[in-house]
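Enquirer: Chains as they are written, first to last, in my numbering: chain E, 1 to 437; chain L, 438 to 608; chain U, 609 to 961.
Certain hints may be false.
[Unchecked claim] Taking lysine-lysine pairs in the DSSO-like style, the calculated list, with each CA pair at most 27 Å apart, reads:
1. U:K871 <-> L:K528
2. U:K633 <-> U:K831
3. E:K346 <-> L:K515
[Stated by the list, open to error] Computed list of chain U residues with no C-beta within reach of chain E, every gap over 10 Å:
4. Q681
5. T787
6. A862
No lab work stands behind these hints, which were simulated from the structure alone.
Here the structure is a predicted model, which is why all the values come from computation and not from measurement.
By construction, the Cβ of each residue, glycine as well, lies at the ideal position given by its N, Cα and C atoms.
Single-letter residue listing:
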Amino acid sequence: MKLTNDPPANPRSRSRSYALVSVLIPLIALLLFVTASAQKKNSCVECHSTMDGALSEPVRLSRGDVHDARGLSCVDCHRGDATKDDMAAAMDRRKGFIGKPRPAEIPALCGRCHSNAGFMKTFNPGLRVDQEREYATSVHGTLLKGGDSKVATCISCHGNHGVRAINDPLSKVYALNVAETCGSCHGNADYMRSYNIPNNQFEKYKTSVHAKALYEKQDLSAPTCNDCHGNHGAAPPGLSSVANVCGQCHVRQATLFQSNPHKTVFGLMRAGECVQCHSNHGIVPPSDEMLGVGEKSACTQCHGKGDSGYAAAERMRDKIDQMSASIIRATEILNRAERAGMEVSKPRFELNEAKDVLTQGRVLVHTFSPDELEKIVAPGLEVANKSYSAGGAALAELSFRRKGLAGSLVFILFLAGLIYLKVRELERRGVDPRTQQ
Amino acid sequence: MKSESNHEADARAGECANCPNNKPPQAEYETQGRRKFLNYLLGTGFGATAIAIFYPILKFITPPRVIEAAQNSVSAGKVSELALNSGKIFKFGNKPGILIRSATGELKAFSAVCTHLDCIVQYQPEKKQIWCACHNGQYNLSGQNVGGPPPRPLEEYVVNTRGEEIVVSKA
Amino acid sequence: MKTENITLWLDDRLGLSAIAHLARKKEIPIHRHSIWYYFGGMTLFLFSVQVGTGILLLLYYRPSAETAFESVQFIVTEVQFGWLIRSVHSWSANLMIATLFIHMFSVYFMRSYRRPREVTWLSGVLLLLLAVGFGFSGYLLPWNKLAFFATKVGTEIAGVVPVVGRPMLRFLRGGEDVTGATLTRFFGFHVAVLPAITTLIIGIHLALVQKHGMSVPASLEGKDLKKMKFIPGFFLRDLIGWVLAIGVLAALAAIFPWELGEKADAFASAPTGIRPEWYFLFMFQTLKLIPAKVLSFDGEVLGILAFTVGGLLLFIVPFLDDPAKPRRRTLFTVIGVIVVLYIVVLTIVGYVG
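Same shape as in the complex, but just chain E:
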């Protein structure tokens, strides 16, 4: 490899290198020009980035923005002219510039793109394009149309400048963040004062089993506000459609309830189906106490002593208690046997079937029929009792072994004693330790 800069000795190669350079330099210049112009001039960013506080916030937030990442910028929403440095020329309202939009204008502003199927297809064909229409059916949308500017609009939940995709953990509407976002208004007593609805939903939700699954176990399939209320068409489910909503996941319970006379009665009473017994936001794992006629019972909210419902509730609770008790009994004895050293994995496994029956039984409560419950509880009790007997057999075997041991110890001690006697006898006989004989 030649490292020196000696000019080519050959005149022909000299002219060749001149030709090459004269083509390359303009080409490179053109390239630079093109790339420079591709980073379009954006006077909005240039000015606003130098400002303080809220005025420079949009620039800062745009860094993680999903629109910005797709090549969209300020003028795509706000219109105006980003090539002009002059403020009046860049933000000319006569030329269509939208400054800070009013709340009532926002759905249409976002919908300009997001309701345009053809346009959205070029970015993400899978995205829905009916958010604006859905929003119009929601409580928020309806109130907004009526002139209320306090209600949530697109930017209240999605943000205005730092908008992130919904599966981005930093997004305000990521599954783990939804409840907090809704709660930022709905949990604010002062803000919600004029609306006459409770504002403890977020607080109560945080105590619920769904929140526990979502936040502690990070189970993203657990429901948060939008799973029951919808996101854009947000509204509470109708009183007689609650079971449908809960039934998205709790299929069996919902189906059983809906084919039950209780559904009609609840409808007539204007009672909220599942919510009537299980509450809506602060849903805790149901306990057997909710069934039956005790203090914490849900049944006695309507049923009084003497009516058939009361009797049915009592019977159902009784069966569930029986089943539960038989499992506890069996588990206890198996634990005892295991602690004592016996191997009981098979009866333990078989007990799982009984535990399954108990789970099923608690679901079948939603038939509100003690006979239905009896159908599975009876064989379930048999299974639990079988495991219990196996545990008993293990303990009996243990006791048998100890008795066997006691017996053989008697033999052994007896033998040891005999040998000792023999030794003494031999030595008394004159098998003198000192002598040969």
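With chain E fixed as given, assemble chains L and U onto it according to the hints.
Expert: Chains L and U alone, transformed into the frame defined by chain E:
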């Protein structure tokens, strides 16, 4: 244990120089009897202990009813007992498994523990899919989670047939 | 009579009468410390219990990571009296090592390693090492969580020794980590390698004991002591002890059955409070007490080296001690007492702390 006197030693030997007619004294017979009794007891004692030791050993080396410890491979029933397009739960080690005979006769086996919250899944013949009743989780016949909350597929096991017997083992 | 004919026949072919003659001649001196003479025979008896129960367990045990735990579970649940054989095997191992320690320390304090019994002592220390090796290798075989981690920690400690440590660790583990390969290897050690070597060394040990006879404490040497014939007197007394030992083992097996635990999981974290078997505990505890760094040396390495040196000193004790010098005698006795106390105290601390 003091030594016997010479007199007794002689008596034992069957001689008695100082005795009236060279016969051993009465006491000697008793000692003889006691000794024989002790020996007899000792023999019985040893015999009984020997039996107490060898009986368990004999029982130990006799093959038990269940021949093998097979936990990585389990017999899950007979082919003829499982109808087409049906499933059943069986014990695989300490956990439940689900054995499915598809509508085309193919045998498949999976762990029956739902990957969402550990409920036991079941086979739905109408939909030809595996379903979890707790929160409506759905799996297809490859064990993949295709609906509902379950985050992962069901672990699949290997199924073989030994004649009529279905043998399921870990993959 | 019949038995006499058979005896004559056997004697003609096997020369049994010579052995019988020797056995009849063997005598045991009786003195204040004669009680300690029983412990060697007791160790031997417990070892034969191990061999017997071990062979029986071999009929059902499967030495691979996938099947070992299940096979032990099978023995304990499905095989008739399997629980008994397995628990006896585990308990007898511990009792054997206990009696072995007592035997060794009694020999030490009575100075029975004096001339001409030095080689007997050497073979004895080797037997101690082999017994501990049996214990360590056997402990892993059920492949439960406790055993897995005990083995991991134990081999890790072996690996800390400078120069030879890592090759030793790889040799023991059959690789870098404790895996099924370790299990198979330990099984091989436990049922073939160690028994073969032990048989040889026991043979030497016993032959030497017969050759030199029972030693007496130096203060009693030369005195005219009462002697008891080995057959039948001492042997029958031995037998009483062995019969009682059977009783103790049966009781332990039935009242305190040996635990099965949970199957080992290489990826699970160590259960809290793991510790090795009691005969390793004092060393383990010592290592825990040594600060991480002593001067500029790694504390653990120093600890292990110290124990290795201690072991070597134990080995050559007959050549270090000089019975003729009373000061030396006292020194060795004092050292011995300190060592025993140290072991006892640290073992207790290991359990309680």
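Enquirer: Evaluate each hint against the coordinates.
Expert: Results of checking the hints against the structure:
1. U:K871 <-> L:K528: Since the Cα atoms of K871 of chain U and K528 of chain L sit roughly 18 Å apart, the hinted pair holds (cutoff 27 Å).
2. U:K633 <-> U:K831: Satisfied, since the Cα-Cα distance of roughly 20 Å is no more than 27 Å.
3. E:K346 <-> L:K515: Since the Cα atoms of K346 of chain E and K515 of chain L sit roughly 20 Å apart, the hinted pair holds (cutoff 27 Å).
4. Q681: violated, 6 Å
5. T787: holds, 25 Å
6. A862: Contrary to the label, A862 of chain U does not stay out of reach of chain E, its closest Cβ about 4 Å off (not over 10 Å).
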